[in-house]
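Chains as they are written, first to last, in numbering that gives the first Met the number 0: chain A, 0 to 364; chain B, 0 to 320.
By construction, these hints were calculated from the structure, which means they are not laboratory data. Worth double-checking, as some hints may not be accurate.
[Claimed, not checked] Calculated pairs, SDA-like style, for lysine to any residue (alpha carbon to alpha carbon, straight line, at most 20 Å): (1) B:47 - A:161; (2) B:46 - B:56; (3) A:2 - A:354; (4) B:47 - B:315; (5) B:47 - B:239; (6) B:47 - A:156; (7) B:44 - B:221; (8) A:2 - A:355; (9) B:47 - A:165.
[Said to hold, decoys possible] Computed far set for chain A versus chain B, every beta-carbon distance over 10 Å: (10) 14; (11) 41; (12) 62; (13) 166; (14) 205; (15) 215; (16) 217; (17) 256; (18) 275; (19) 283; (20) 295; (21) 306; (22) 340.
Keep in mind it's a predicted model, so treat the numbers as computed, not measured. Backbone N, C-alpha and C define an ideal beta-carbon position, used for all residues, glycine too.
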Amino acid sequence: MTKYVVRRLIQAIPVVFGITVVVYGILLAAPGGPTAKFAQNPRFTEEQRARFMHAWGLDQPIPVQYCRWMGICNPDNEGLAVFLGPTGWPNFLPTGLSGADNGVVHGDFGYSIATGEAVMTRIARAALPTLILCGTAMVIWITLAILIGVIAAIRRYSLFDQGATIFAYVGYAMPTFWLGIMLIFIFSGPGLNILPAGGMTETRLSPPFGSPEYWVYFGQNPIQAIMDIGKHLILPVFTLVVVSIAADSRFVRSSMLDALSQDYVRTAKAKGLPGRVVTFKHALRNAMLPVVTNIGLEIPFLFTGALVTETIFSWPGIGRLTIDATRNFDYPVLMGVLLITSILVVLANLIADITYAIIDPRIKY
Amino acid sequence: MTQEIEQPALAEAHVDDIAQRATEAGADYEIRLQSLSQWQLAWRKFKKHHLALVGLGILIALLLIAVLGPIVMPFEFDVIPRPDEIVYAGRPPSLAHPFGETGGLQRDVLLLVVNGARTSLFIGFSTMFIAVFFGTLVGSLAGYLGGVTDNVLMRIVDVMLSLPILFVILIASRFFGNGNVLLIALIFGLLSWMGISRLVRSLFLSIRELEFVEAARAVGVRDRRIIFRHILPNAFGPIVVAASLIVAATIIGEAFVSFLGFGVNPTSPTWGNVLSNALTFIPLGNWWWPFFPGFAIVLTVLAVNFIGDGMRDAFDPRSRL
Chain A
0 MTKYVVRRLI QAIPVVFGIT VVVYGILLAA PGGPTAKFAQ NPRFTEEQRA
50 RFMHAWGLDQ PIPVQYCRWM GICNPDNEGL AVFLGPTGWP NFLPTGLSGA
100 DNGVVHGDFG YSIATGEAVM TRIARAALPT LILCGTAMVI WITLAILIGV
150 IAAIRRYSLF DQGATIFAYV GYAMPTFWLG IMLIFIFSGP GLNILPAGGM
200 TETRLSPPFG SPEYWVYFGQ NPIQAIMDIG KHLILPVFTL VVVSIAADSR
250 FVRSSMLDAL SQDYVRTAKA KGLPGRVVTF KHALRNAMLP VVTNIGLEIP
300 FLFTGALVTE TIFSWPGIGR LTIDATRNFD YPVLMGVLLI TSILVVLANL
350 IADITYAIID PRIKY
Chain B
0 MTQEIEQPAL AEAHVDDIAQ RATEAGADYE IRLQSLSQWQ LAWRKFKKHH
50 LALVGLGILI ALLLIAVLGP IVMPFEFDVI PRPDEIVYAG RPPSLAHPFG
100 ETGGLQRDVL LLVVNGARTS LFIGFSTMFI AVFFGTLVGS LAGYLGGVTD
150 NVLMRIVDVM LSLPILFVIL IASRFFGNGN VLLIALIFGL LSWMGISRLV
200 RSLFLSIREL EFVEAARAVG VRDRRIIFRH ILPNAFGPIV VAASLIVAAT
250 IIGEAFVSFL GFGVNPTSPT WGNVLSNALT FIPLGNWWWP FFPGFAIVLT
300 VLAVNFIGDG MRDAFDPRSR L
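Here chain A stands alone, though its shape is the one from the complex:
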């Protein structure tokens, strides 16, 4: 087991390295570069541009830029000494030893061009709202998907099963943003107007979410604050649930059907066990094996999944951050988001495989 885990971890290293190179390459290839946003500004002189490029280290050779982004090279040294931090220890060691504090390996992912903050600070601030939104949605849709899938499989071809099939087809074809717009029209349009159309908190009631003042407000009246967020959660969560439940409930259904047709289920029935025991003890538990793996693969969604939904409902999360950064050509933020997401995907794959190996005794490794 340990050997398997170690082998998988070692295999993941070149993939993660490849991801950093690709992420860097995509943004390097972009025309204009980080100065593109100044292109329309007539007062931005060539001299200022050169100073900007120098200040951000953009006049260095590409491998050096990559190296500095990764936080392995020290911009203050020359020659081979670039690998040494201010304290004389290698630069890529944790900040406490090397004294260096800038770059991917040090966890700050560089600085945002738009605001000058560390990229990680911006990402961390946006991650909590995304986690709240996607976490709530995921718990609801996984529960519902398992329920719908199992019932549809047990009562195959029944009215319920056919209804679930139609729902899955339609949910699968539904563009998230269109569903969101239509829900906004129905529930916050001029007709009903019972739910907020967007945002995370009522701005007239509370300071913006995540600011220090907000936490003071939250401490004073937590119930009101939670109710407020809850009210803003309803529409985006509903949107996510409808769209995501489709694929997952199909998956659970086919997995359950698979389990129900196994020999051991027939044996259990032939033994005279009551149907309920056979279904829930023999079939369901085995049917859940691939489902658990599938849930593992959906973990990165907690960080990124709601790009579309967040935009529609102006939710201040990772999706919004990405779109703002794309609009402003804020390269370091984009690279940070892409890199963190990709590493999460690799990790989720790893966790899914390992869980599967643990819970399914038939797997030999």
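Chain A is fixed; fit chain B onto it per the hints.
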């Protein structure tokens, strides 16, 4: 779908030959054998799938609209229907404008949907062709050659599949797209082939071990011919099904990217970019503006998914009539 290959002609000649010999030998019965090509078998099974037939009908209708529609009702970006009569809110569906009119510039929503069909379907299908081409190329090289080639190509695929593709598409469209339809289709195509390549690789790994490939290799058939004549035709079914999923995903993805204003320019309407101002008019109750373009997307994706399902059953040798 109904395209025929030379094989049945050969087979029929053979059958006729047997029949003639049987008659000459004094047999008092006639042999009427009809051999069906793989295509005919697949079509026969496909026809049994009612939803797939409905989907095919919808898709053909949409393609006709995409081809003929813009000729009948051309879209001119500079032409504003009523420049002298600026009404902020749009107008609800009426007889003259069955899909209503947008707020602001008062464009006919039907006109936008019809013209959007051409761009959206064009992007959906050209992305599919690009993705299938690259995916099949990479997958067959990796699956057939194996070894180092396989390892390198599949690690590249691993890396690309780990990236959040919608984010990358969004960024690439913003940086390289320039609002150009062809460039956007190219960006989508170049970022959608990974799934196909994994599928093709796995198909190659299993098919290349089969006896007829071994036989072909034994009589000295060259690699290229084995790939194109012996393995690829047998991998056709799953590839087509996966391709249909790409069309559906691309139409939704393009609509989203254009909706955000990073995709196709508003000078050529798509189902996504005509929605982009609609959100601001929602508080005025202009439901018809976002509804119809979005409904067109749902309809298309449903149709494509139905067809995909039908084809999966049709090409699956285990499914019987």
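Exercise. Could you check the structure against the hints above and give me the numbers of any it violates, in ascending order?
Key: Numbers 7, 10, 21, 22 - these are the hints that the structure violates, sorted from lowest upward.
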